[in-house]
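Q: If you're matching them up, the sequences are chains Z and G in order. Sequential numbering of the first sequence, starting at 1, is according to my numbering. Sequential numbering of the second sequence, starting at 1, is according to my numbering.
It should be emphasised that the hints constitute simulated quantities derived from the structure, not laboratory data. The structure presented is a predicted model; accordingly, all values stated were derived computationally and were not measured. Even glycine gets a Cβ: it sits at the ideal position worked out from N, Cα and C. Take every hint as true, because none was put in to throw you off.
Here are a few chain Z residues that face chain G, going by a calculated C-beta distance under 7 Å: (1) Asn96; (2) Asn97; (3) Ala140; (4) Ala146.
Here are the in silico distance ranges between beta carbons for each label pair: (5) G/Pro96 <-> Z/Gly81: 52 to 62 Å; (6) G/Pro225 <-> Z/Arg178: 55 to 65 Å; (7) G/Ile114 <-> Z/Leu109: 31 to 41 Å; (8) G/Pro96 <-> Z/Glu93: 15 to 25 Å.
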Amino acid sequence: MNSTFKLFLFAILFPLSLTAQDSIPEPHPNQYVATDPETVFFVGEFFRGYSVNNSSWENYSQLGFGLDFNWFVLPFLTIGGEYSLMGGNLKGEDINNTGAVKGITSHYLGLHLGYYHAFNKEWNLHTLAGFGEVNNVNRAPDSRFAEDGNSLILRSEIGYRFDKTAAIFIKATLRWDRMDIDTPPTLDDYFNKQSLLLLGFGVRLHLQNPNG
Amino acid sequence: MKKALLLLIFIVFTGCVQHNVGVVGSKRMLISGNILNAENTPIENISVIASGAEYDRLWARPAQMLGESSTDASGEFFFVSLDTDNSFYGVSINHPNHQDYREEFSTIHYLDSIGSRENSFELTNIQLPKTQRFELKIENTTAREDTLFYRFTYPATEVYQGLNSNSFDENSFRFQTETEYWNRLLPGEDEITIVTPTLANSSIQFKYKFSAEAVYDTINVEITPENPVYEFNF
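Given only the sequences and the hints, what does the whole structure look like? Please build it.
A: Okay, structure coming up:
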């Protein structure tokens with residue numbers, strides 16, 4: 001088990017172990033719901049990716065940003081959607097394992113279901129699972145070509161709220177991409193099963209509904 | 001007249017449009033194999049590249065590259081290549097246009113036509129002959145007032161083969177393994193020297209005659225690294 005994967009497990013499971021110890025039937029009194037129920041929050045984030053498994057993404061740098069929308073169905077339950085863009089440039093000049101693909105721009109568009117828990121008025125946890133579609137645009141020397149796939153994500157975010165509206169957070173996301181690339185059997189996993197750990201930070205904009 | 005002018009403009013316009021090697025999306029190919037010398041010993045650090053081309057000649061320009069690698073200590077290579085559907089596709093061993101070209105070895109291209117193809121190719125036990133310099137000296141030592149017609153054929157150092165056995169007619173010009181040179185030495189010209197690369201330890205056929213109507217006489221010359229020069233005096 002490599003260190004990246006250990007780090008991911010810690011980042012995902014540790015916050016879950018904290019939430020597993022309490023059972024709050026009602027929203028936490030410190031959560032901003034009593035007078036102005038929380039309605040939605042918007043997220044902007046930056047992240048860096050790491051290949052968890054042995055896949056073709058390991059040959060590329062991975063930097064990206066995402067835009068996220070979440071709606072509180074219940075005070076602790078969110079549903080939402082996300083768009084993220086991750087760019088990857090070939091590390092070095094070696095195309096032995098990739099073919100002549102100098103760079104990849106990966107678009108992810110998906111939906112997710114999340115659990116939101118406020119530890120106190122400032123600190124909170126948002127854990128979510130989602131699925132979506134991924135579209136990778138590859139840059140070859142003389143052309144560009146796109147490849148599609150499906151994606152699953154599991155994410156934990158630890159946030160800090162400055163007030164009712166503004167918050168910052170750090171996150172760890174595990175993203176599994178399943179592509180549909182025609183390869184010989186020996187290359188199938190390498191190009192079609194991508195596991196990425198995305199570590200990042202971002203800001204949230206929380207909006208309330210004053211009329212409840 | 002107007003139609004002819006439009007047609008001419010169309011031809012000029014389309015001729016000026018640069019051909020792009022279009023890549024097939026959602027496909028990766030595996031190219032593997034091994035390279036040996038004439039003594040069946042593995043050859044290390046030989047470049048192997050995959051490229052596309054508008055015509056049946058592989059130039060391997062940077063924009064046409066689809067994949068590349070080089071042989072390891074055991075002479076084996078293994079790399080991922082993209083595929084193209086609007087261009088000829090080929091795998092080149094020791095391409096002269098590649099930065100790691102080794103002049104002491106010959107070049108072999110495996111060419112495939114435009115269209116679809118398998119997603120893996122294994123090129124096993126490729127024999128890559130060594131090359132050497134060959135020098136032909138022709139000298140008129142007797143001040144003879146005849147025109148010398150001569151031609152010689154020698155093994156080419158760069159050859160094409162079909163990547164798929166059924167993809168081409170291998171008797172076509174592109175797949176010839178010998179190169180022919182012909183010229184004449186006019187009266188008053190004393191000597192000429194021709195230098196060309198050819199395969200080491202190969203045979204060169206030299207033909208000559210002293211009038212256009214005559215039949216060529218033939219001389220077979222064995223070329224070795226120790227004996228790279230043939231002198232023809234008349």
